[in-house]
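Engineer: What follows is each chain in one-letter form.
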Amino acid sequence: MSTSTDHGRPDPEATSPAANSDGRPVSDRGDTVCVIGAGASGLTAIKNLREHGFGVDCYERETGVGGAWNWRHDRSPVYASTHLISSKPFTQFPDFPMPDSWPDYPHHGQLLSYFERYADHFDLRSHIWFGTEVIRVQPVEGDRWDVTTRSTGGYGPERTARYAAVVIANGHNWSPKLPRYEGLEQFRGEIMHASSYKDPAQLRGKRVLVVGAGNTGCDIAVEAAQQASRCWHSTRRGYWYAPKYVLGRPADQVNDSLLALRVPLRVRQWLYHWTLRLTVGDLTRFGLPKPDHRVYETHPIANSQLVYYVGHGGIGPVPDVARFHPYAVELADGREIDPEVVVFATGYLPRFEFLDASVFGDSAGAGRPTLWLNAFTPGHPTLAVAGLLQPDSGLFTLSHWQTVLFARLLQARRDRPERATAFAQRVRDRAGERYSGPVKDSSRHWFEVGHADYLRAIQRALVELEGK
Amino acid sequence: MRGREWSRPVRPARREVLSAVPELEEGRPPLLFVPGFGHGAWAFAEHWLGHAASRGFPAYAVSLRGHGGSEPAPEATLRAYAHDVVQVAASLPRQAVLVGHGAGALVVAHALARYPARGAVLVAPVFGGWGVLGAALRRNPAGTLPAVFGGPLRLNRGQLFSSELPDEEARRYVGRLGRAGRRAQWALLGEPEAESAVGAPPVLVLGSPDDRVVPASTLTRVARRYGSAPLLFPGMGHDLMLDARWEEPIDAILDWLEKEPVGPGGHVRAVGGQPPAWWTAGLPAGVAGWGTRASEPVSVLVRRLIRPPPSSRARR
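Protein chains in written order, with my numbering: chain S, 929 to 1396; chain V, 47 to 362.
It should be emphasised that the hints constitute simulated quantities derived from the structure, not laboratory data.
Check before you lean on any hint, since a few could be wrong.
[Said to hold, decoys possible] The following label-pair restraints were derived from C-beta to C-beta distances: (1) Trp1202/S with Ala159/V: 33 to 43 Å; (2) Arg222/V with Asp1127/S: 47 to 57 Å; (3) Trp176/V with Glu1346/S: 42 to 52 Å; (4) Val67/V with Gly1133/S: 35 to 45 Å; (5) Glu1281/S with Ala159/V: 32 to 42 Å; (6) His93/V with Ser1124/S: 54 to 64 Å; (7) Arg222/V with Gln1154/S: 51 to 61 Å; (8) Arg222/V with Arg1194/S: 56 to 66 Å; (9) Pro1031/S with Gly73/V: 31 to 41 Å; (10) Pro212/V with Arg1344/S: 51 to 61 Å; (11) Gly96/V with Trp1202/S: 57 to 67 Å; (12) Leu1206/S with Glu121/V: 28 to 38 Å; (13) Trp1202/S with Gly196/V: 34 to 44 Å.
[Unchecked claim] Heads up, simulated SDA-like pairs for lysine to any residue below, C-alpha to C-alpha not over 25 Å straight-line: (14) Lys305/V with Ser1054/S; (15) Lys1218/S with Ile1265/S; (16) Lys305/V with Gly983/S; (17) Lys1368/S with Arg1358/S; (18) Lys1105/S with Lys1368/S; (19) Lys1218/S with Pro1171/S; (20) Lys305/V with Asp1048/S; (21) Lys1126/S with Lys1172/S; (22) Lys1172/S with Ser1029/S; (23) Lys1172/S with Tyr1033/S; (24) Lys1218/S with Ala1188/S; (25) Lys305/V with Arg270/V; (26) Lys1126/S with Lys1218/S; (27) Lys1172/S with Arg57/V; (28) Lys305/V with Ser100/V; (29) Lys1172/S with Ala59/V; (30) Lys1126/S with Arg1000/S; (31) Lys1126/S with Asp1266/S; (32) Lys1172/S with Glu51/V; (33) Lys1105/S with Trp1374/S; (34) Lys1172/S with Pro55/V.
[Claimed, not checked] Over the 10 Å line for every Cβ pair with chain V, so calculated as not near, a few chain S residues: (35) Glu1069; (36) Pro1107; (37) Ala1129; (38) Ser1157; (39) Leu1204; (40) Leu1206.
For every residue, glycine included, the Cβ atom is placed at its ideal position computed from N, Cα and C.
So here's chain S without its partners, still in its complex pose (with noise of 0.2 Å):
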């Protein structure tokens, strides 16, 4: 049996010389796929790289894997408290389990541990150059790409290797979305992104105001309801706060059940809301904002311990921030708080600076960029974003048959190049599709899809390519 060690690392004799347009030395990988991250997109697309027959050289900034999971990665965004907000039929990839003695929802360290053992099952780690960062990505003729990378921190010369593919799986959740509040640099207190929060001792015993309804904003509000002297929790509008469990199932088992029978969303909205009515009841008596839009328009939130500690009066629902004051906070109502610590659990935006911004038809720069299945580039066959998703389940399903796809591509260029033109005209009609039903306009759902419609859309993608 072959070793991994045939593959992978890129030999200084195998290669053969060539030149950029630099004049720089490029090593020439030949069919290799480059994959940027080690995170769970990224390993899966190893993976699954490998299991069509791609070698795969993969760049890691960190020393470990996991990506966003592995909490001590400095661009890590878990907290100690951390756990799935979706059950692990939803969360686990699809081809290998996690194990049945885990709970409905693990902690993020469980997480960790199941990427680690992903990595080590499937003998990834060999394809993996930790320390790596990737600092540019090209494109040259023949859809060939050049990476240029060095050991994170900037140390050590800069390489580049030409290869036939590149996926970026870089995260989007690692670079943190500050909204722009007026007076906010003249604000005494503590400031900090729910990225820098990492454990409820930082606000045990403070007066903490929480901006932002997101699963993490809902998360940290909970802890501070446990651990600070007072507890604010500023939301834009009024949200639907689904519990973790319904009819003693993992609610999104039971939204599943619903799906699987192709319920129709707006049945599905009527079902939804009478289960939280009868569960966790009317949310203005708590002194909670009406939610203005239907469930499902937004983003879900899953969390069963909000509202009880709203109930006990350990948060305090308030509106939006209005500016800040040096020492006080004023709210759109006009009225004003003093809060020592705010956290701002406002979100991410994806960043992408290693690769010019025209490539992914993003001239504006703005993160954003325009895809089909959120995945392929328009003139850009051989690139492939893996985990640029928001789904309402766990992304690493999605990520696997996104890559399945991509390699099936790769095979499919290879092997029969008119059915990967048709492809590549495909990406270009259709970039920018939506997945999800109508959503609010906000960039918090740029990346938003429902999982069910975008299985079926990567399912239909895969027949087409593959067809008959």
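Chain S is fixed; fit chain V onto it per the hints.
Structural biologist: Frame of chain S; chain V shown alone:
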């Protein structure tokens, strides 16, 4: 979309896993043995686990729920059994080779659609259908008929073992047999075919032409489904892992795995249009019956394969 997998996950069950691991880790893929209905992991622990470990392969055997030392599960389905196999396979340190025996081979076929195995071996596969039922009714009407109506399936020694196995041992084994779930037994008659395997693993099919449970024609049909011909061990009963000459099939499986030209994660079919030259050359006569060599008619292969491998003949 697998809506059911998501909305109705299989209920967890405690599972018995027996193992024999070589003292020195040699980088070989682990084997996961899946016993057929009525059998538990013990059936492999008798001989095959230790033998595989002595040849450097970490070997594991699982008892499907309701069998052996696993949790009782009278209402278990085929899907739950496949879930058990995938769970154990994913818990092994490396990508595993799944080895299914009897109806366990059908469970493996279903598990292959859920887990990208390094390879798969189907030993005397019972894929169900009316042919198998007919054969079982003919050989053992009293033991089979109740199963049709949801009762236990009782296999007798004549079905499972050749006459070479000492009577006392055979009686002991038959005494240890349990029973599968009612719904899983019925699944043998009317279950839709397994989805195709993920990751295109190589599949080896072996069995015995003198098997009184699986007709030789079934072996050929199953093997053809996986693009190969079965490897045959004449004179042995259905339970190849317990029968008198248990060493021959396991040695053939391990030989096949040693020759198998599959790198980690990479599979033969994916390497390119043509199989590499060393794939078709240098295979031992007894283990050539796999792969997708369409050029050679299946019947020729079968005839050639009926001869037992020279090595095992020398031993006798």
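Engineer: All the hints need checking, so say for each whether the structure fits it.
Structural biologist: Comparing the hints with the structure gives:
1. Look at Trp1202/S against Ala159/V: about 37 Å separates their beta carbons, and that is inside 33 to 43 Å.
2. As the Cβ distance of Arg222/V to Asp1127/S is approximately 54 Å, the hint placing it in 47 to 57 Å holds.
3. Here the CB-CB span from Trp176/V to Glu1346/S is close to 44 Å, well matched to the stated 42 to 52 Å.
4. Hint check: Val67/V to Gly1133/S, Cβ distance near 52 Å, so the stated range 35 to 45 Å is violated.
5. Under the hint 32 to 42 Å, the C-beta atoms of Glu1281/S and Ala159/V, about 41 Å apart, fit the expected range.
6. In this structure, His93/V and Ser1124/S meet the distance hint of 54 to 64 Å, their C-beta atoms being roughly 59 Å apart.
7. Distance hint check for Arg222/V and Gln1154/S: the Cβ-Cβ separation is about 54 Å, which falls inside the suggested range of 51 to 61 Å.
8. Between Arg222/V and Arg1194/S the beta carbons are some 57 Å apart, a value that agrees with the proposed interval 56 to 66 Å.
9. Here the CB-CB span from Pro1031/S to Gly73/V is close to 34 Å, well matched to the stated 31 to 41 Å.
10. Our hint of 51 to 61 Å for Pro212/V and Arg1344/S holds, since their Cβ atoms are close to 58 Å apart.
11. Between Gly96/V and Trp1202/S, the C-beta spacing of about 60 Å keeps the proposed range 57 to 67 Å intact.
12. Remark: the range hint 28 to 38 Å for Leu1206/S to Glu121/V is upheld by a beta-carbon distance near 30 Å.
13. One distance hint, 34 to 44 Å for the beta-carbon pair Trp1202/S and Gly196/V, holds here, with the actual separation near 40 Å.
14. Taking the CA atoms of Lys305/V and Ser1054/S, the gap is about 23 Å. The hint holds against a cut of 25 Å.
15. Taking the CA atoms of Lys1218/S and Ile1265/S, the gap is about 22 Å. The hint holds against a cut of 25 Å.
16. Distance check on the hinted pair: Lys305/V and Gly983/S sit about 22 Å apart at the alpha-carbon level, within 25 Å; holds.
17. Among the hinted pairs, Lys1368/S with Arg1358/S is consistent with the structure: their alpha-carbon atoms are about 22 Å apart, no more than 25 Å.
18. Distance check on the hinted pair: Lys1105/S and Lys1368/S sit about 18 Å apart at the alpha-carbon level, within 25 Å; holds.
19. Between the alpha carbons of Lys1218/S and Pro1171/S the distance comes to roughly 17 Å, so the proposed pair stays at or under 25 Å and holds.
20. Taken as a hint, the Lys305/V and Asp1048/S pair is honoured in the structure, with Cα atoms around 23 Å apart against an allowance of 25 Å.
21. Restraint check for Lys1126/S and Lys1172/S: satisfied, since their Cα atoms lie roughly 23 Å apart, inside the 25 Å limit.
22. Note on Lys1172/S and Ser1029/S: the hinted pairing holds, with a Cα-Cα distance of about 19 Å set against a maximum of 25 Å.
23. For the hint pairing Lys1172/S with Tyr1033/S, the CA-to-CA distance comes to about 9 Å; that is within 25 Å, so the pair holds.
24. Taking the CA atoms of Lys1218/S and Ala1188/S, the gap is about 30 Å. The hint is violated against a cut of 25 Å.
25. Restraint check: the Cα-Cα separation between Lys305/V and Arg270/V comes to about 21 Å, which is no more than 25 Å; the hinted pair holds.
26. A distance of roughly 31 Å separates the Cα atoms of Lys1126/S and Lys1218/S; the hinted pair therefore is violated under the 25 Å criterion.
27. A C-alpha spacing of about 19 Å is found between Lys1172/S and Arg57/V, which places the hinted pair at or below 25 Å, so the restraint holds.
28. Only pairs whose Cα atoms come within 25 Å are accepted, and Lys305/V paired with Ser100/V is accepted, the gap being roughly 18 Å.
29. Simply put, Lys1172/S and Ala59/V have alpha-carbon atoms about 23 Å apart, close enough for the 25 Å limit, and the pair holds.
30. For the proposed pair Lys1126/S and Arg1000/S, the alpha carbon gap of about 11 Å is at most 25 Å, so the pair holds.
31. With a C-alpha separation of about 23 Å, the suggested pairing of Lys1126/S with Asp1266/S holds against the 25 Å cut-off.
32. A distance of roughly 19 Å separates the Cα atoms of Lys1172/S and Glu51/V; the hinted pair therefore holds under the 25 Å criterion.
33. Taken as a hint, the Lys1105/S and Trp1374/S pair is honoured in the structure, with Cα atoms around 13 Å apart against an allowance of 25 Å.
34. For the suggested pair Lys1172/S and Pro55/V, the alpha carbons sit about 16 Å apart, so the restraint of at most 25 Å is met.
35. For Glu1069/S, the non-interface assignment is confirmed: its Cβ lies about 25 Å from the closest Cβ of chain V, beyond the 10 Å cut-off.
36. The Cβ of Pro1107/S lies farther than 10 Å from every Cβ of chain V, with a closest approach of about 35 Å, so its non-interface assignment holds.
37. The Cβ of Ala1129/S sits about 35 Å from the closest Cβ of chain V, beyond the 10 Å cut-off, so the non-interface label holds.
38. Every CB of chain V is more than 10 Å from the CB of Ser1157/S (nearest about 42 Å), matching its label as outside the interface.
39. The claim that Leu1204/S is not at the interface with chain V holds, since no C-beta of that chain comes within 10 Å of its own (minimum 19 Å).
40. Consistency note on Leu1206/S: stated as away from chain V, and its beta-carbon is indeed over 10 Å from all of that chain's, at 20 Å minimum.
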